[in-house]
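Each chain, letter by letter, is given below.
Protein chains: 2
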Amino acid sequence: MNINRRNFLWSAASGTVGLAAIPAILSASMPTAPKKQKGILSSLNKGDVILFQGDSITDAGREKTKQLANSPGSFGSGYAFLSASSILNEFASKELSIYNRGISGNKVFQLADRWQKDCFDLKPGLLSILIGVNDFWHTLDGKYDGTVVKYENDFRQLLTLTKKMLPEVKLVICEPFAVLGCSAVNENWFPAFDSYRIAAKKMAEEFDAVFIPYQAIFDEAQKHAPGKYWTGDGVHPSMAGNALMAEAWIKALK
Amino acid sequence: MNINRRNFLWSAASGTVGLAAIPAILSASMPTAPKKQKGILSSLNKGDVILFQGDSITDAGREKTKQLANSPGSFGSGYAFLSASSILNEFASKELSIYNRGISGNKVFQLADRWQKDCFDLKPGLLSILIGVNDFWHTLDGKYDGTVVKYENDFRQLLTLTKKMLPEVKLVICEPFAVLGCSAVNENWFPAFDSYRIAAKKMAEEFDAVFIPYQAIFDEAQKHAPGKYWTGDGVHPSMAGNALMAEAWIKALK
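Protein chains in written order, with this note's numbering: chain X, 1 to 254; chain C, 1 to 254.
Heads up, some of the hints might be wrong.
Note: identical chains are not told apart, hence a pair may lie in one copy or across any two.
[Said to hold, decoys possible] The list that follows gives simulated cross-link-like pairs (lysine-lysine, BS3-like), each with its CA atoms no further than 30 Å apart:
| id | residue 1 | residue 2 |
| --- | --- | --- |
| 1 | K163 | K202 |
| 2 | K143 | K164 |
| 3 | K163 | K201 |
| 4 | K254 | K150 |
| 5 | K150 | K94 |
| 6 | K66 | K164 |
| 7 | K228 | K123 |
| 8 | K228 | K251 |
| 9 | K46 | K150 |
| 10 | K143 | K123 |
| 11 | K150 | K66 |
| 12 | K94 | K254 |
| 13 | K201 | K66 |
| 14 | K228 | K164 |
| 15 | K94 | K251 |
| 16 | K143 | K46 |
| 17 | K94 | K143 |
| 18 | K228 | K163 |
| 19 | K251 | K163 |
| 20 | K117 | K228 |
| 21 | K251 | K143 |
| 22 | K143 | K254 |
| 23 | K228 | K66 |
| 24 | K202 | K66 |
| 25 | K164 | K117 |
FYI, nobody ran anything at the bench for these hints, they're computed from the structure.
Quick caveat, the model's predicted, so the values are computed rather than measured.
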């Protein structure tokens with residue numbers, strides 16, 4: 001990833017190339033999902049539970065006392081809220097219960113610590129996980145000494161247990177992503193951070209999960225507007241960035 | 001409107017008729033907009049301002065100190081947030097500024113009281129207004145003595161001034177709606193409330209505004225799930241109801 005390349009792309013998009021010539025972000029960045037992965041939302045049963053899990057990107061300022069299904073305050077204002085709202089509208093007759101249990105700052109081992117209460121007890125039929133940016137980010141200030149090997153091993157252990165406890169659960173693994181040139185993401189992130197993205201993709205393949213390629217999506221988005229438009233700090237998405245994430249999530253599962 | 005008819009529709013939808021046979025809510029309830037009204041979002045200029053105005057349905061718990069553009073906290077969790085997020089994603093290259101200035105409890109004359117600060121000062125290129133349910137609702141407990149004639153006259157005065165101050169502004173008038181059989185809406189609302197809906201549509205015609213027929217949309221939605229699924233009290237939408245409203249809003253302006 002190269003910040004000059006990004007700037008060039010943005011300049012080109014704003015200038016003579018013309019915006020109409022740029023393909024839509026998702027059609028360019030998100031290949032059509034394999035057939036076996038399509039139609040997951042349509043295949044859900046009446047009364048099924050969907051669970052969004054992850055860190056601050058999923059948390060998005062939700063309240064953590066009541067933690068209700070299908071309730072705005074319990075969802076925060078991120079991609080999980082936007083995705084859930086859209087699903088509850090489009091699949092109204094399924095009477096789904098959708099929860100957000102993301103917690104700001106979490107790394108993958110912290111999901112494991114609360115997995116009984118915040119996953120198994122909810123009996124999800126569909127489980128979506130976005131985790132990994134803190135597993136890397138928190139190593140930069142020396143306050144966390146985890147490695148990508150630990151991230152991968154912890155993630156594999158979590159998913160193995162999940163498949164054991166919920167054999168029928170449909171899995172979504174969202175790629176951790178970082179946008180260079182924003183306030184919290186600089187050249188020091190690369191290529192080290194890329195290995196976390198690769199590990200997440202490997203987990204999706206091992207566990208037959210739908211994989212949402214958010215890095216490619218945010219890379220492509222920068223042909224339409226600068227990185228800071230999509231995420232102020234390079235990690236936490238703006239309204240536009242969250243809407244793009246939700247659009248991708250829904251597209252992958254429809 | 002008849003609650004027994006509603007129950008029949010929902011029973012039929014849940015039973016032998018089969019959900020696959022029910023057309024999608026918006027294609028059934030929202031006729032294709034006249035050609036002149038299509039493409040409004042695409043026709044906006046770079047840097048244009050969009051303003052959502054109204055009562056609690058628009059307010060949706062937004063913060064009222066900073067009142068920032070394109071900021072989740074300043075948007076609350078309603079249809080305005082969902083619509084704005086989607087617009088900021090899809091029309092990223094336009095670098096739009098989108099505001100929510102709905103205030104809970106407002107009637108149309110209260111919009112007028114704050115119109116300089118909460119409309120003209122923002123210089124919107126596109127202005128969307130959803131107002132009217134309180135103009136009726138607050139008369140039921142005897143605390144407000146306004147009539148539908150006052151609602152219509154006040155609304156006309158507000159729109160006349162708006163067109164004078166912002167001759168180029170594109171207008172959206174959202175139909176006030178109420179869903180029978182929910183906690184706050186009973187038979188006493190009808191047919192009196194219908195006259196407010198009719199007045200709002202009349203204003204849309206007089207001022208060449210896009211009209212979003214939310215009553216027909218929520219009526220149609222009840223073929224897919226009960227009224228309470230879309231709005232607990234019959235006035236304030238659920239996550240599903242807000243997503244349906246946003247979908248309709250976007251569909252009308254694309």
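Hints, verified against the model:
Taking the shortest Cα distances, K163 and K202 sit within 30 Å of each other inside one copy (16 Å), while across copies they are farther apart (58 Å). Taking the shortest Cα distances, K143 and K164 never come within 30 Å of each other, neither inside one copy (33 Å) nor across copies (60 Å). Proximity of K163 to K201 under the C-alpha cut-off of 30 Å is restricted to the intra-copy arrangement: shortest distance 17 Å within a copy versus 54 Å between copies. For the identical chains of this complex, K254 and K150 are neighbours neither inside a copy (33 Å) nor across copies (47 Å), given an alpha-carbon limit of 30 Å.
In this assembly of identical chains, K150 and K94 lie within 30 Å of each other by CA distance neither inside one copy nor across copies; the values are 39 Å within and 43 Å between. In this homomeric assembly, K66 and K164 come within 30 Å of each other (Cα to Cα) only inside a single copy, at 28 Å, whereas the closest approach across copies is 48 Å. In this assembly of identical chains, the alpha carbons of K228 and K123 lie at most 30 Å apart only when taken from different copies (25 Å versus 37 Å within one copy). For a Cα distance limit of 30 Å, the shortest separation of K228 from K251 qualifies both inside one copy, at 24 Å, and across copies, at 28 Å.
Proximity of K46 to K150 under the C-alpha cut-off of 30 Å is found in neither arrangement, the shortest distances being 38 Å within a copy and 46 Å between copies. Taking the shortest alpha-carbon separations for K143 and K123, neither the intra-copy value of 34 Å nor the inter-copy value of 48 Å comes in at or below 30 Å. For a Cα distance limit of 30 Å, the shortest separation of K150 from K66 qualifies neither inside one copy, at 33 Å, nor across copies, at 42 Å. In this assembly of identical chains, K94 and K254 lie within 30 Å of each other by CA distance both inside one copy and across copies; the values are 14 Å within and 28 Å between.
In this assembly of identical chains, K201 and K66 lie within 30 Å of each other by CA distance neither inside one copy nor across copies; the values are 33 Å within and 40 Å between. Neither within a single protomer nor between protomers do K228 and K164 lie at most 30 Å apart by alpha-carbon distance, with minima of 41 Å and 37 Å respectively. For the homomeric pair K94 and K251, the shortest alpha-carbon distances inside one copy (18 Å) and between copies (24 Å) are both at most 30 Å. Proximity of K143 and K46 under a CA criterion of 30 Å is satisfied in neither setting, with 45 Å inside one chain copy and 44 Å between copies.
In the homo-oligomer, the alpha carbons of K94 and K143 never lie at most 30 Å apart, since the shortest distance is 45 Å inside one protomer and 41 Å across protomers. For the identical chains of this complex, K228 and K163 are neighbours neither inside a copy (38 Å) nor across copies (35 Å), given an alpha-carbon limit of 30 Å. In the homo-oligomer, the alpha carbons of K251 and K163 lie at most 30 Å apart inside one protomer (24 Å), although the nearest pairing across protomers, at 40 Å, exceeds that limit. Proximity of K117 and K228 under a CA criterion of 30 Å is satisfied inter-copy only: 29 Å between copies versus 36 Å inside one chain copy.
Taking the shortest alpha-carbon separations for K251 and K143, neither the intra-copy value of 37 Å nor the inter-copy value of 48 Å comes in at or below 30 Å. For the identical chains of this complex, K143 and K254 are neighbours neither inside a copy (40 Å) nor across copies (48 Å), given an alpha-carbon limit of 30 Å. Taking the closest pair of Cα atoms, K228 and K66 come within 30 Å of each other only across two copies (20 Å); inside a single copy the shortest separation is 33 Å, beyond that limit. For a Cα distance limit of 30 Å, the shortest separation of K202 from K66 qualifies neither inside one copy, at 35 Å, nor across copies, at 43 Å.
Taking the shortest Cα distances, K164 and K117 sit within 30 Å of each other inside one copy (16 Å), while across copies they are farther apart (59 Å).
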